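We have chain C already, so just place chain E on it with the hints.
For the record, the sequence lines run as chains C and E. For the numbering used here, add 7 to where a residue sits in the first sequence, where the first one is 1. For the numbering used here, add 7 to where a residue sits in the second sequence, where the first one is 1.
Worth flagging that the hints you see were computed from the coordinates, not collected in a lab. Treat the hints loosely; a few may be bogus.
Taking lysine to any residue pairs in the SDA-like style, the calculated list, with each CA pair at most 25 Å apart, reads [said to hold, decoys possible]:
hint	chain 1	residue 1	chain 2	residue 2
1	C	Lys145	C	Arg189
2	E	Lys199	C	Ile119
3	C	Lys199	E	Gln121
4	E	Lys195	E	Arg92
5	C	Lys193	E	Asn52
6	C	Lys195	E	Ser118
Computed from the model, here is a short list of chain E residues facing chain C with C-beta under 8 Å [to be verified]:
hint	residue
7	Pro79
8	Phe142
9	Asn144
A few chain E residues that don't get close to chain C, going by computed Cβ distances all over 10 Å [to be verified]:
hint	residue
10	Arg46
11	Pro101
12	Asn120
13	Ser152
14	Ala157
15	Gln183
None of these values were measured; they are calculated from a predicted model. Just so you know, even glycine gets a beta-carbon here, dropped at the ideal spot from N, CA and C.
Number of protein chains: 2
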Amino acid sequence: MKCSCALRRRGAAPFALLCFASVFAAPMLAQVNYNAGNRMLRPVNYREWIWLSSGYGTAYVPETSGREDPNPLFHNVFVNSAAYRAFLQTGKWPDKTVFVLELRASVEKGSINQRGRFQGEVQHLEVHVKDERRFPNKWAFFSFSPTASAANMIPVTQDCYACHEQHGALDTTFAQFYPTVREVAKRKGTLKPDR
Amino acid sequence: MKCSCALRRRGAAPFALLCFASVFAAPMLAQVNYNAGNRMLRPVNYREWIWLSSGYGTAYVPETSGREDPNPLFHNVFVNSAAYRAFLQTGKWPDKTVFVLELRASVEKGSINQRGRFQGEVQHLEVHVKDERRFPNKWAFFSFSPTASAANMIPVTQDCYACHEQHGALDTTFAQFYPTVREVAKRKGTLKPDR
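This is chain C alone, in the form it adopts within the complex (with noise of 0.2 Å):
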C-alpha cells in the first residue's frame, strides 16, 4: 500500500496526529477501535476533544510549479482530552495518545466573507496513534478518505514515519507547531529545541 499521508502527498507541514478522550466520555476510554482485520475504524466525535491548531496550506517543500495553490486546504489538529490532559503534567504523550488531522477545503466567498478563508468540507482525515503493544514502534498512522469508514496501517516503510521521527520535536510529533504544546514542553524539558 502506499503512504497515504496526506501530509506527506501535498507536500504539506506534518503537523502530528494523536488521540484520546471525548469531553463527554470517560476520559480514560479507548478513542480509536479496530475491527476484527486490525483495520482501525474511522474515528468519531474527535472534534470534541481538544484542538491544538490549524494551519493554511503549509507545506514543507518549496513550490517547484510556478504558481501558488488556488485552493489550500486548512489542517486542524486534535488530540483526544486524557492525552492532553497527562501531557500537562508530564510533558510526554501517554500510552494511547491519538491525533487527529481533519483536512478541510478554503472557501473565500459565502455568507457575508469577502476576503480570507473560511473551513469547508472535509476532505481527509489522518491518525496518528500511540498504542505500545499493538505497533511494534509505539506509533502508527493510519488514513481516511472522506467517506471510509475504516483504514488500514500505513506501512512503517513509508515516508510519514521517517519524516515525523526526524523532525518532530516530541516523540515523533510535531509539538512545534501546536502553540500550547510547545510552550507546556519546553516547560517540561521535552521539547527538542532544534526542530
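Frame of chain C, contents of chain E only:
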C-alpha cells in the same frame, strides 16, 4: 469607548463568539467572571473548550487598498462545552453561552515549514457572551488586548452588535461559518438559511 471588536475593526468576517465549560471542570460552572466594577476577567482555559472553526484572514468587506494583507491573522473560535452540549440537543444557544475568538499571527517560515501558514502569537481576544440577567439585550461583547486582564463591555451602539444581529445565522452568532454547528442547526431548524 470605541468599539474594539477586532472582527469589525479589521474588516474581518465577524466570527461569532460564545462561552462554556472546560472539559476538566464541572460542565455548568460559569466560564467567565466579572470584577466588582463589572469588567470581565480575561477567560482562561478556553483552549480546552470546544473549538468550532478557524478562519484565515477572513473579511466581509472587499479589499480596497490595492494590495493584499501580507500577514493575515488566524481567527480561532471556541465555545464552552456545556453550552455546546445543550446546543446539540436543542439547536439553540443556552443562557451562559460564551464564545471566545482568539486572533493569532500567521507564520510562514519556521521549523521545516516552507509554504502556507501556521499559527503564531495571540494578537487579541474577543468574547461574545449570553447572560440574560446581566445584559439588557441578552448578549454582550468584550475585547481583550494580548496583555489585558480585564475588559469593559463594548457599548451596544458599536457596529459589532448590529452586524451580528443582521448577519448571524443563529441567535446573533455566525453559525454559518462553523461546519458542525451549521449542520446541527440545519437539522434542528434553527439556522436562518439566507445568511
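Do the hints match the structure? See the list:
Proximity of Lys145 (chain C) to Arg189 (chain C) is assessed by CA-CA distance (about 22 Å); at most 25 Å being required, the pair is judged to hold. Taken as a hint, the Lys199 (chain E) and Ile119 (chain C) pair is honoured in the structure, with Cα atoms around 14 Å apart against an allowance of 25 Å. Proposed proximity of Lys199 (chain C) and Gln121 (chain E) is supported: the alpha carbons are some 20 Å apart, at most 25 Å. Annotation: proposed proximity of Lys195 (chain E) to Arg92 (chain E) holds, straight-line Cα distance about 14 Å (limit 25 Å).
Annotation: proposed proximity of Lys193 (chain C) to Asn52 (chain E) holds, straight-line Cα distance about 19 Å (limit 25 Å). With a CA separation close to 20 Å, the supplied pair Lys195 (chain C) and Ser118 (chain E) stays within the 25 Å bound. Look at Pro79 (chain E): its Cβ gets to within about 6 Å of chain C, closer than 8 Å, so that hint holds up. Look at Phe142 (chain E): its Cβ only gets to about 24 Å from chain C, farther than 8 Å, so that hint breaks.
Nearest Cβ of chain C to the Cβ of Asn144 (chain E): about 21 Å, over the 8 Å cut. The hint is violated. Interface exclusion of Arg46 (chain E) from chain C stands, the closest Cβ pair being 25 Å apart, more than 10 Å. Consistency note on Pro101 (chain E): stated as away from chain C, and its beta-carbon is indeed over 10 Å from all of that chain's, at 16 Å minimum. Its closest Cβ contact with chain C, about 5 Å, brings Asn120 (chain E) to no more than 10 Å, contrary to its assignment away from the interface.
The claim that Ser152 (chain E) lies off the interface holds: its Cβ sits roughly 18 Å from the closest Cβ of chain C, which is beyond the 10 Å cut-off. For Ala157 (chain E), the condition that its CB be more than 10 Å from all CB atoms of chain C holds, with the nearest at approximately 22 Å. Not every CB of chain C is more than 10 Å from the CB of Gln183 (chain E) (nearest about 5 Å), against its label as outside the interface.
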